[in-house]
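> What follows is each chain in one-letter form.
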Amino acid sequence: MTQVSMTVNGKAVSGDVEGRTLLSSFLRDKLGMTGTHVGCDTSQCGACVVHVDGAAVKSCTMLALEAEGASVDTIEGQAAADGSLNAIQQAFQDHHGLQCGFCTPGMVMSAAALLKENPKPSESDVREYLEGNICRCTGYHNIVKAIMAASGQDVSAIAAE
Amino acid sequence: MYNFEFVKPASVADAVAALGEEDAQALGGGQTLIPTLKQRLAAPSKLVSLSGIAEMKGVSAADGVLSVGGATTHGTVAAEAGAYPALADLASHIGDPAVRNRGTIGGSLANNDPSACYPSAALASGATIVTNAREIAADDYFQGMFTTALEEGEIITAVKFPIPEAANYQKFLQPASRFALVGVFVAKYADGVRVAVTGASEDGVFRWSEAEAALSKEFRGDALMDLKVDPANMIGDLHGTKEYRAHLVGVLTKRAVVAAG
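Here the protein sequences line up with chains A and B, keeping their order.
For the first sequence, the numbering used here assigns the number 9 to the initial residue and increments by one for each residue that follows.
For the second sequence, the numbering used here assigns the number 55 to the initial residue and increments by one for each residue that follows.
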């Protein structure tokens, strides 16, 4: 076992891990932060997306020890301390951007990375950016709409097909 | 996945030393290797991460050559390889954004997946693969599916791409994996045109020499009109027959020439 230390949502954390321990396992099993979901465990679905030093990554395809000293942001750090949702989370609620909710942590984290890079994305920008995030419920339409709305754009013309 | 010892050296010299151990394996961004380990298809005793080696990261251009450090991510190439726009565009369409933030050019070229994008760019550009020990011409580097000229423990520290006058990469997506079902990279240099094809052949990435000859005479899509690709060595699977892939090679090459202008 090796000790790994990192900052998760602004808080310093550490724990003993094996070489093979994935970042997703460290977050979920060691820290008990189960908001980061593991859907496929084969880097296809994107439910496990977190930010490492500001960049979106699939935490099921990164070793915990690779995040030594890094700053990690997860879905648990998105809402304010009083529980009020951030703009992306609120938009997902307002526009029915989720049904079962399993993919939502990854969708929200990918959306946050997109809006940081591209504050006013077009609809096709959003769809392209979400290529690595799979949702089996919504058909994506309301997810795209929610992200457009969270970026402050008028989505009244985007019909809920 | 089986357990292993993990080390993260800060220099190429330390990484080479760590890789000297039997069953040690280099880890680039892990976007292929970690899924492979999960399936227990590999069991290294030690993984040597290359992600902490500053001298292997970054993109720079000088004297008509774009140099990319071996541990540079696809996302960084997409953002910083503006001096070679076709290469930046290729990098910006590998996998998805989260994969691009981890996956590296050195990892892709060392793995030489027959459907990966980067091998076509390296081969079409006549790139030089720089390792800790030597420089390898792309024409000598690729030796068939998942096979390269790299020796055990040899690390790709950089890739040098001569910047072409015009170039373009066209990828036909395999809709499930998002890898290239067929991808064609066309690069036009003062001394001729090079065409490299990924995804299509049982032999991995290859140069389409008939197309190169025709395009070197006349750089127009119509120059390819009478050329046919032999389907004999093409990959045939549930995603496409040999004949389908052979046909796609022609179509994508023409599109790449038109797009390159």
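Since the hints were made in silico from the structure, they are not lab data.
Where hints are given, some of them may not hold.
[As the list claims (entries may be wrong)] Just some of the chain A residues that point at chain B, by a computed CB distance under 7 angstroms:
{"id": "1", "residue": "C48"}
{"id": "2", "residue": "T50"}
{"id": "3", "residue": "V57"}
{"id": "4", "residue": "A64"}
{"id": "5", "residue": "V65"}
{"id": "6", "residue": "K66"}
{"id": "7", "residue": "L73"}
{"id": "8", "residue": "G77"}
{"id": "9", "residue": "P129"}
{"id": "10", "residue": "S132"}
{"id": "11", "residue": "R135"}
{"id": "12", "residue": "E139"}
Small disclaimer: the values here were computed from a predicted structure and weren't measured.
Virtual Cβ for every residue (Gly too), placed ideally from N, Cα, C.
> Restraint: K66/A near chain B, CB-CB cut 7 angstroms. Satisfied or not?
holds (5 angstroms)
> Under 7 angstroms, Cβ to Cβ, is where P129/A needs to be relative to chain B, so tell me if that hint holds or is violated.
violated (12 angstroms)
> Would you check whether S132/A satisfies its interface hint, that is, whether its CB is within less than 7 angstroms of any CB in chain B?
Violated. Min distance 14 angstroms.
> Taking the least C-beta to C-beta distance, is T50/A closer than 7 angstroms to chain B?
Hint holds; T50/A Cβ to chain B Cβ min 6 angstroms, cut 7 angstroms.
> Hint check: is the beta carbon of E139/A less than 7 angstroms from a beta carbon of chain B?
Since chain B brings a Cβ to about 4 angstroms from E139/A, closer than 7 angstroms, the hint holds.
> Does L73/A hold up as a contact with chain B if the rule is Cβ-Cβ below 7 angstroms?
With a minimum Cβ separation of about 5 angstroms from chain B (threshold 7 angstroms), the hint on L73/A holds.
> Given V65/A as an interface hint, is the shortest Cβ-Cβ distance to chain B below 7 angstroms?
holds (5 angstroms)
> Close enough to count: is the Cβ of A64/A nearer than 7 angstroms to one in chain B?
For A64/A, the interface hint holds, since the closest Cβ of chain B sits about 5 angstroms away, which is under 7 angstroms.
> Per the CB criterion, is C48/A less than 7 angstroms away from chain B?
Since chain B brings no Cβ nearer than about 10 angstroms to C48/A, farther than 7 angstroms, the hint is violated.
> Answer holds if the nearest beta-carbon of chain B is closer than 7 angstroms to that of G77/A; otherwise answer violated.
Result: violated, 10 angstroms to nearest chain B Cβ.
> Hint validation: R135/A versus chain B, beta carbon distance must be below 7 angstroms. Holds or violated?
violated (12 angstroms)
> Answer holds if the nearest beta-carbon of chain B is closer than 7 angstroms to that of V57/A; otherwise answer violated.
Holds. Min distance 5 angstroms.
In summary, the numbered hints that this structure violates are 1, 8, 9, 10 and 11.
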